[in-house]
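Enquirer: Here is what each chain is made of, one letter per residue.
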Amino acid sequence: MTSSPNASDDTSPERVIELRLPSRLGYEKIAMDAAGALARRMGFQADRVDALRTALAEAVTNAIEHGNQHDDAMKVLVMLTVRQDELVVSVADQGRKVLDQDKLTLTPSIEESFIKADRGGWGIWLIRELVDEVEFTTGPGGSNHVRMVIHLDKVTDGRGAGNVGR
Amino acid sequence: MTSSPNASDDTSPERVIELRLPSRLGYEKIAMDAAGALARRMGFQADRVDALRTALAEAVTNAIEHGNQHDDAMKVLVMLTVRQDELVVSVADQGRKVLDQDKLTLTPSIEESFIKADRGGWGIWLIRELVDEVEFTTGPGGSNHVRMVIHLDKVTDGRGAGNVGR
Amino acid sequence: MLEDELNVSIRERDQVAIIDLMGDVTTFAEEKINTAYTKVTEIGAKKILLNFRQNDYINSAGIAILIGVVTEVNRNSQRLAVSGLSQHFQRIFRMVGLSQYIDIYQDEEEALHGLASA
Amino acid sequence: MLEDELNVSIRERDQVAIIDLMGDVTTFAEEKINTAYTKVTEIGAKKILLNFRQNDYINSAGIAILIGVVTEVNRNSQRLAVSGLSQHFQRIFRMVGLSQYIDIYQDEEEALHGLASA
Ligand SMILES: Nc1ncnc2c1ncn2[C@@H]1O[C@H](COP(=O)(O)OP(=O)(O)O)[C@@H](O)[C@H]1O
Ligand SMILES: Nc1ncnc2c1ncn2[C@@H]1O[C@H](COP(=O)(O)OP(=O)(O)O)[C@@H](O)[C@H]1O
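As you go down the protein sequences, you meet chains A, B, C and D in turn.
Heads up: the first sequence runs through residues 1 to 166, numbered per our numbering.
Heads up: the second sequence runs through residues 1 to 166, numbered per our numbering.
Heads up: the third sequence runs through residues 1 to 118, numbered per our numbering.
Heads up: the fourth sequence runs through residues 1 to 118, numbered per our numbering.
Each hint can be trusted.
Keeping only pairs whose Cα atoms sit at most 30 Å apart, straight-line, the calculated DSBU-like set for lysine-lysine is: (1) D:K32 <-> D:K46; (2) B:K116 <-> D:K46; (3) C:K47 <-> A:K116; (4) A:K116 <-> C:K39; (5) C:K46 <-> C:K32; (6) B:K116 <-> D:K32; (7) C:K32 <-> C:K47; (8) A:K116 <-> C:K32; (9) B:K116 <-> D:K39; (10) A:K116 <-> C:K46; (11) D:K32 <-> D:K47; (12) B:K103 <-> B:K116; (13) A:K97 <-> A:K116; (14) B:K97 <-> B:K116; (15) A:K103 <-> A:K116; (16) B:K116 <-> D:K47.
Some chain D residues judged to face chain B by a derived CB distance under 10 Å, without partners named: (17) D24; (18) Y57; (19) F89; (20) L98; (21) Q100.
Each pair of labels, with its calculated beta carbon distance range: (22) D:N74 <-> C:M1: 45 to 55 Å; (23) A:T105 <-> D:R94: 53 to 63 Å; (24) C:E31 <-> B:K97: 45 to 55 Å; (25) C:S117 <-> A:E112: 26 to 36 Å.
Keep in mind the hints are simulated off the structure, nothing from the lab.
Glycine residues also receive a C-beta, built at the ideal position from the N, C-alpha and C atoms.
Kindly generate the complete structure, drawing on both the sequences and the hints.
Expert: Here is the structure:
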């Protein structure tokens, strides 16, 4: 849990912020707020910040509910890697449950949801839709890692101003 | 740095969020945003949230500038302990400089600042003024710890509504 | 303390049952939302408006609850609209397909106007 | 990237030199603020308004810069006012004692009105 899965796959300058949360629903909001504020300060547009907030909340919720099975003592590790032109957000749980590979490419439909008892299954799909890059891997000890990237399309350095939309 | 200075001075239920930041000015804003958002979600009033934001930003800035001497590789550890009726925020640096005890009780005056070359020295004073409790201690390896507490004076559980002012 | 942050209340305007949702719409919202829906249905509401306020957090569990409401609304031949959603959550509602079954309005007034002529 | 987040610009209205400060006022602001102050002083400004906009972060290093400006303002017999500060930073200005040397107004219009009769 303490080693950084992605710290060496690029050269500096990059800076990493680590966040460790208890595995209790509600605390995903703190990760969401922290990453959202960081993205905003990096110059991401409001719609991109919102997309990241939702994607991260889903990933942390999954880590709490599935990966750590709501065990309060288990931690969810969120790493925010600030690069010149992108923000990398990774979420790791402690792997009390293995993430099925076939869950990763599901495309849920609302019509199916109408007739199912379990109307869930939108989280991973939303993550995939909302960020620029996403990667699911298994770490040491069976921990599940989700690595999400959003790219900064900036034309100027002004705060919030002059960024091109996407 | 990895041990929790305050984790055992109270019984549960309390939950701890850990945040590790690079020692680079600007990153104190991420701690400030994260703690501010947490305090808001806990039900603290806007003025109390703002006070905490400023106090924490000052403590993290000191950790970056003084305690860690701007050494990017050194981390600042921020621990947010959520309790039923209070939020405890502690900041630890890696102690490359020892915090002089006589800095802790300074009461700066603006008139003195007019005639001094160094107009600083307001940080610790602001922290003391803005939070309900504050404690400075030296941890293992000479690291400096600042522990700040703000009390939640709630009459209802409604979000933002019905809290008494202070 | 951080878990449940939703206030749900019911009112009526122009023959529309308005369910105000203030706060987070997550798994913790299920009982509150379903209870409110059942209540307005029991008193015969044919037009229902979910009026979102200060919702900076609706997650996939919240979406699933709303899909459940749509299922019931279709079964009971009611009409469902939403108002007050941020641009972001309007986008999410479109992505998921909820917008095919729910009329999305910017605010309450627009929604009442739209539902009146429906 | 997270370091410097301040935009400083100068304009004039009703014989008041207005320095707009948009963003964070921290140690990184020193050169920008001092340059702006020197510029308006060189062109003979007697009344200066620091107009804060979207400042959700002013820290003790920023306060120290402003104390420096007050020092110069007193030396040069100018008048200094601020507008646009949030309630929180108005409180901080009072705590530090800056409010004894700077007139604090809610917004630009109020400040221009106050400075006109000063
Ligand atoms: N971190 C994780 N660890 C283990 N399993 C996971 C994890 N994240 C997702 N899963 C599995 O993938 C499934 C689909 O996840 P998701 O799309 O988020 O929907 P939901 O959580 O509503 O079921 C989950 O039901 C779970 O079985
Ligand atoms: N974390 C720390 N580690 C070491 N020294 C510190 C720390 N925080 C504060 N100090 C010392 O206390 C002094 C006063 O701090 P402060 O009131 O924040 O004002 P300033 O940082 O502007 O000097 C600093 O100049 C420094 O010498």
